[in-house]
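Each chain, written out:
There are 6 protein chains.
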Amino acid sequence: MSETKKVKDLKAGNTVDSTFLVMEKELKEFITKEGYYLQVKLGDSSGSIWAKCWEKAEEVASLFEPGDVVRIKGVVESFRGRLQLIFEPEGLERSTEPCNIAEYLSMTSKNIDFLFDEIVQTAESMGNEYLKQLVFSFLRDHDFINSFKKAPAAKIHHHNYIGGLIEHTQSVVAICETISRLYPELDRDLLLAGAILHDIGKTAAYEYSFRIDVTEEGGLIDHIVLGYRMVEEKIKGVNGFPEELSLRLLHLILSHHNYGEWGSPVKPLFAEAQALCYADLLDSQLKEFTQIQKYEETKGKEGVWSDYSRRLNRFFYLGRGKK
Amino acid sequence: MSETKKVKDLKAGNTVDSTFLVMEKELKEFITKEGYYLQVKLGDSSGSIWAKCWEKAEEVASLFEPGDVVRIKGVVESFRGRLQLIFEPEGLERSTEPCNIAEYLSMTSKNIDFLFDEIVQTAESMGNEYLKQLVFSFLRDHDFINSFKKAPAAKIHHHNYIGGLIEHTQSVVAICETISRLYPELDRDLLLAGAILHDIGKTAAYEYSFRIDVTEEGGLIDHIVLGYRMVEEKIKGVNGFPEELSLRLLHLILSHHNYGEWGSPVKPLFAEAQALCYADLLDSQLKEFTQIQKYEETKGKEGVWSDYSRRLNRFFYLGRGKK
Amino acid sequence: MSETKKVKDLKAGNTVDSTFLVMEKELKEFITKEGYYLQVKLGDSSGSIWAKCWEKAEEVASLFEPGDVVRIKGVVESFRGRLQLIFEPEGLERSTEPCNIAEYLSMTSKNIDFLFDEIVQTAESMGNEYLKQLVFSFLRDHDFINSFKKAPAAKIHHHNYIGGLIEHTQSVVAICETISRLYPELDRDLLLAGAILHDIGKTAAYEYSFRIDVTEEGGLIDHIVLGYRMVEEKIKGVNGFPEELSLRLLHLILSHHNYGEWGSPVKPLFAEAQALCYADLLDSQLKEFTQIQKYEETKGKEGVWSDYSRRLNRFFYLGRGKK
Amino acid sequence: MSETKKVKDLKAGNTVDSTFLVMEKELKEFITKEGYYLQVKLGDSSGSIWAKCWEKAEEVASLFEPGDVVRIKGVVESFRGRLQLIFEPEGLERSTEPCNIAEYLSMTSKNIDFLFDEIVQTAESMGNEYLKQLVFSFLRDHDFINSFKKAPAAKIHHHNYIGGLIEHTQSVVAICETISRLYPELDRDLLLAGAILHDIGKTAAYEYSFRIDVTEEGGLIDHIVLGYRMVEEKIKGVNGFPEELSLRLLHLILSHHNYGEWGSPVKPLFAEAQALCYADLLDSQLKEFTQIQKYEETKGKEGVWSDYSRRLNRFFYLGRGKK
Amino acid sequence: MSETKKVKDLKAGNTVDSTFLVMEKELKEFITKEGYYLQVKLGDSSGSIWAKCWEKAEEVASLFEPGDVVRIKGVVESFRGRLQLIFEPEGLERSTEPCNIAEYLSMTSKNIDFLFDEIVQTAESMGNEYLKQLVFSFLRDHDFINSFKKAPAAKIHHHNYIGGLIEHTQSVVAICETISRLYPELDRDLLLAGAILHDIGKTAAYEYSFRIDVTEEGGLIDHIVLGYRMVEEKIKGVNGFPEELSLRLLHLILSHHNYGEWGSPVKPLFAEAQALCYADLLDSQLKEFTQIQKYEETKGKEGVWSDYSRRLNRFFYLGRGKK
Amino acid sequence: MSETKKVKDLKAGNTVDSTFLVMEKELKEFITKEGYYLQVKLGDSSGSIWAKCWEKAEEVASLFEPGDVVRIKGVVESFRGRLQLIFEPEGLERSTEPCNIAEYLSMTSKNIDFLFDEIVQTAESMGNEYLKQLVFSFLRDHDFINSFKKAPAAKIHHHNYIGGLIEHTQSVVAICETISRLYPELDRDLLLAGAILHDIGKTAAYEYSFRIDVTEEGGLIDHIVLGYRMVEEKIKGVNGFPEELSLRLLHLILSHHNYGEWGSPVKPLFAEAQALCYADLLDSQLKEFTQIQKYEETKGKEGVWSDYSRRLNRFFYLGRGKK
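Keeping their order, the protein sequence lines are chains S, U, R, E, B and X.
Start counting the first sequence at 1; every next residue gets the next number (my numbering).
Start counting the second sequence at 1001; every next residue gets the next number (my numbering).
Start counting the third sequence at 2001; every next residue gets the next number (my numbering).
Start counting the fourth sequence at 3001; every next residue gets the next number (my numbering).
Start counting the fifth sequence at 4001; every next residue gets the next number (my numbering).
Start counting the sixth sequence at 5001; every next residue gets the next number (my numbering).
Please keep in mind that the hints were generated in silico from the structure rather than gathered at the bench.
Note that beta-carbon positions come from the ideal geometry of N, C-alpha and C, so glycine has one too.
One or more of the hints may lead you astray.
Taking beta-carbon pairs under 10 Å as the criterion, some of the chain R residues facing chain S (in silico) [said to hold, decoys possible]: (1) Glu2024; (2) Glu2026; (3) Arg2080; (4) Leu2083; (5) Phe2210; (6) Val2214.
In isolation and in its complexed conformation, chain S is listed as follows (with noise of 0.2 Å):
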């Protein structure tokens, strides 16, 4: 019996008919025979399935577009140690019920209306006027708003999920937070502002409409530069924005990855720059390990050792009591 089911639920073996969102598309040549078939990336909050049909795979095809969200009814088959859905031409079928696409993508388990919530309080307690001005004039714009909450801070790294942005944002302002608290002599609002707006550029780096993707600009200019110009456009906005303090918030935003080969085309030259890097290494470091080590849990494999990691170059420790 057909069962609506999750991408990650799914066994060989199983029927299916549940909605999924369409995030690629693509007609395939068969390589034994004249004629293509249709290939399809299958997601939902849970994770992602490639399906296939092998049937009137251009007129199938013409029904929908990525982005769409699907109605599919199929079969889990296991290939080459992956699984794959197979499905009949008649078997998909577009769906016509307004749906909230961000259901169909992973996301953040964290709470984003109180992340933001915790960003502005931050800027509110800010007491130099011109860089309060300035991080407002992004946290009351409503597409940055918009596109803040639903960023992702990477494709494949860490955060690489719905509202993965904001979730780093808020972690690494409060990093400088505590910082700003150990280091008094430390200038904190300049600090705190490039803690909020250290990674903006992320939101044009990206696309995350229906699927995680770079964009053009995000690989060809990347986030860093990205984020230096939006913050500088703005700057234009805020009357009598001091020179020197434009130039040292705008360093900040450049230097942020410490060392040119992270990405940063200057290493950071004053205090604040050099706090602002450790703060989002800390906390981009830190996410990434826990997301990797957790996959590894995820396997159930026997015994304290996990699998070899390639990504973080070692074995993790999962200790006796996993269970």
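Please build the complex by placing chains U, R, E, B and X on the supplied structure of chain S, with the hints as guidance.
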């Protein structure tokens, strides 16, 4: 007229009559004639200076030892771009008044008792009784407290002064508190115990009774393995301390420099160990950055750029309004 | 007809009736249906193979544990380019005959007792009574001898077999004997004591009772610090062991990987420590090289060049006359 | 007798009466007594020298500013292996005659107008009207031309003199012309537009009105991002400039240092960008090599080998017939 | 119906009747039964494919050798994602018609005779008679010309096809011509002689009669030292060749990979050697980049980004209008 | 009173009357006046010192050449922290007595004839007649023996003295003897032939008749390729020397620095080549370590730690009982 002056205020041409701490004492052969002169490193809380006595070197040398406080009458000279203090054999007198040697060493600008209380409060907030008991077996050991409140965190790099260790430790603890709020899935008690104990090997790796230097153990074994041994020893005193918890905590100590090339014999194999690395990195590197930037700022160089800093491989931006 | 075969002689299509050592045992969920199958890693002195039983998995699994010797009747299949052994539930029988597990593990080709005698002779030639007494506190400790003669020197890299540790140790001792003839200014006894003891932490860092794997201590603490602790413990048992000598010997253990990135928490700070590094490097790297070259030679590839070796990042020259 | 001499011809003992450009001016505290002396960096087209006036420092300092031309009467001394010029308060006189400051700075040995014409000819040969229009929006902008003809290409490394930028640019253009003949599949116009514009950010990254130094923008933002912004600004003025072409050209600017560790925030992602990298590398590195080799050759060292060059980490072969 | 097809046009399911060049021939043991099958690597100018014959392997294998051209009738299959050609014992026939093996190998798309003429013209323009005579001792040696026009410049990387060496050489010569115009202080003849001869060792380092592979000398000695020897040998034949010039030219050959880690036993010690390095780097790296980019473009992937290229460690930007 | 003294015993203020070897001679322009002074580098077996004659420089310079032995009467001065010898024009006299220049150069402390005999004995033990004949074609060539017994193994690093090459060679041979006992699968004769010949290129790479310096060939070609050529030349003189054996032996010479960045144009491709690398590494690095440690020990610094050694990037542990 002779004056009581601090080391940092000495100028060529001054005649001096002040008390200093003897940090090093050495008889040196003359290059141009037979015999020896006496060379002494003198210090107070503001810095240190080399002093020389050209005559009756052996006799004068027999009057005092490193660690003594001496009263010196002499003259400041400039020699190859550095200052030195020249005194006559009768210009040195061993001080017999009781004195607090700590007053002659450079020291943290933070309140050491406050830092200690902060750490104790964190320890008191722990829920895991084994870890709490272990941490307090250090924090209630008077010999340990004594060393822990005095030790530096380095000879040359960051926090290289009396109280440097406890200042650094409290910062790492504070950052780990923030981390454990942002990452509730981490074992808070393990992380905080690691933060409190991570550098305690430095109490044995440095000598700091009357100067800061590396001990034999500090050089040949290093603070990481020394700290590991100290923690392992105390764990034996905690009844029923779980074996896995013991391995995890010892691993935090051993891996807290993250990479082999930074001195850790193992790399972090679970998330709390990784978190501790970045908290330690943040505070140690940021402190080093601010110490070096401050040093460059005090030089009073004209223009917005500092001299080139070889240690950090960059020019600092000092800004326009530094006066 | 079923045959008694060694792992290395198995071919697809063979029916097998042999005894093997169970190295791992795991119940695995079917992908395509409910329930579990049984997966077992079987080994003998010539290698290891995965075996699978598709039915009554839980029941069969309850009959034996890793470390047991079992008699298996089954069929060899080729699956994704590798061989596997398929057996029926009744095809597995726990062996109850007494047997020497060591016969089922791959082992050094050298004579272990000869190697041990060589090391003992070197120890006997020592002039420094403290070092001699210390070394014999290991070489006359029966538990230690037992482990020392069995332990491997690695799980994957060089000398990764029973007796690997003692084989490697004897080579390092022999090289250090040569060094001490060429460099008479070195302290021969210190160097040789270091050579004998440098890797003894491996007796605790690996498990090798019925398979070779990394222990919890081995992964979280590593053999260098484990060996350091073992030596430090025994030094306490030697009356009047000089403090400087103790620091020097412990430093040899800790620094013997030469660089932090190779696992040593300190680098060599005097010549005997440096000498030990290169002796260890020579034997470990040369053994690894010959093991990998040998592996490539046995593939029977045509032409003078081996396949590309990723581990050594080169093609081997096999020569013209390799047949 | 006082003489009019160029900096490079000064010798200890000379009395001098010449005009120089003031590059830096600083009041410095005496070490050995109260008060200030005046320190001035003087230059002409052949080099620069520090000059000092021991008396009436504040008064003399008020007579002129950096960027002025002064007539100095004084005496050359050798001090710690370097020459310095000592003058009396009345030995300095601000020059009031009109003068061409450029004559006081070191300059390219090539003809700047010829270099500019070569670049214009290349621009005229472009077939793509958008790129051509863009390039000429720079090459016909008089303010830009002015800066472009004067700016250096570096403060310390290659082409570190007036006209260095245009000399380097013309070389890169010439190499890219050759490349586009050898690789006809590349987009010639895109590559040449990139070659012409790749370093224009240097017109803002350096100050070169009366000395060569890094500007605030140059240090905090760097020439790559500055150039990116200048090009982006001008693109807005070209009607209908295609979006993809714009992204490609901006990518050439941003990626032209090839690697992050050499300052590029993105690496080259298509062939024209990669080609530009190597053309830039060839000219900048080869110029640096020849400048340093020339410097070593002028030292007149005996034998075929130069002194060790730390900047290039080698001895140069000067050859036998260098006289 | 069987068809005459090029390798690049083969599809699974095709029946084939074409002639191919035999590049490799090997008897392989069956895994699942006794005996051997025959495995043959077949190629033509468009690529290569593995072919297999399951029966009478030894008999069929005796009919031909690598380097022969054979006519094959067989069927194309897909196996583990790659195509292979299956033929019956009677489906292979050794071609006895005279044929040009070069037609079966992939080849430069440029005109080899044109490239050679360009190089000769450069040689003719040389003013230094010793260098000119030396260069022509190669360019008029028929055996050398033959090899020089056929040899590849690599097995796997850039210019890995017949004529690759001469194509690369002519490019390097052209770039060096441009360099010598831009840097008139360089010794043009020395630079151009180096450019012409820098890679001639590749004529001995590769075999390319019927496939491209590394020779024994190529692997064990490498093309740099092989080329050095060839040049040194010919210098002996030039009467009165100046000793210093000889050392300089040989140094150009030896140092042309710039760094030890790129294969040069010495680094460039004067400007002509450094210039040659960058000319060689430019052409070899740019060609490799364009070859890999071209390969990715032909995959027909949707969207603006290529697959991830491991060799160049990036995604290529393919652009919007690639169809 | 003037005294006959060795260089290492000179002190400021001494008057000297001794014979020295002239290592360098140079006329230098005065900075502060017209004309030249004479600068001479003088040496004996204990070290070297710069000497200066302020008057009649040209005349005095014409009396002798580098390589001559001279008798000097003069006075030792301290100048910028170094000693120099000042003499009058009449204080220099060219020695006409026959003398052994080798007595004026620093030399190995081992017995050169003993070292040579050890090597000859190893050569005599070889079973492979081709290799044996080849090795003796060197060891019985009187010109070669002469150079081989005198040459240093370096200018600055390890074994940088007369006899350094043969001392190093004998050590490498001894280590390879040990290796071939431990690894009986290696080709002992090939390894030992490689050990004996690996550095013979140094006989041409250095000049050592009256000072140690790098020759033109040494700098431009380097000892590895020079040695390769010498061996290749002699192989031609051995009738029927097998081609593969020749390639293997030449590969040992070329690859013996292991990595490209250490100067080898190829990396080791079979086990004997790899073994030679580690034997060479062990002896060269250990000798360098002991030479630098010894240098630090002779400074007589107080305390257990040496000064910081930049060449080895560490402090040495000198120990407590060094007096």
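Exercise for review: Against chain S, run the beta carbon of R/Phe2210 and see if the smallest gap drops under 10 Å.
Suggested key: 14 Å, violated
**Study point:** Restraint outcome when R/Val2214 is required to lie within 10 Å of chain S by C-beta distance
**Key:** Check passed: Cβ of R/Val2214 comes within 7 Å of chain S, closer than 10 Å.
Point to revise | Restraint satisfaction for R/Glu2026 [CB to CB of chain S, less than 10 Å] | key: 6 Å, holds
**Study point:** Restraint check, 10 Å cut-off on beta carbons, for R/Glu2024 near chain S
**Key:** 8 Å, holds
**Study point:** Interface hint status, R/Leu2083 versus chain S (Cβ within 10 Å)
**Key:** At about 18 Å, which exceeds the 10 Å cut-off, the nearest Cβ of chain S leaves the hint on R/Leu2083 violated.
**Study point:** Hint check, R/Arg2080 versus chain S [nearest Cβ-Cβ separation less than 10 Å]
**Key:** 8 Å, holds
Against the hints set out earlier in the document, violations occur for numbers 4, 5.
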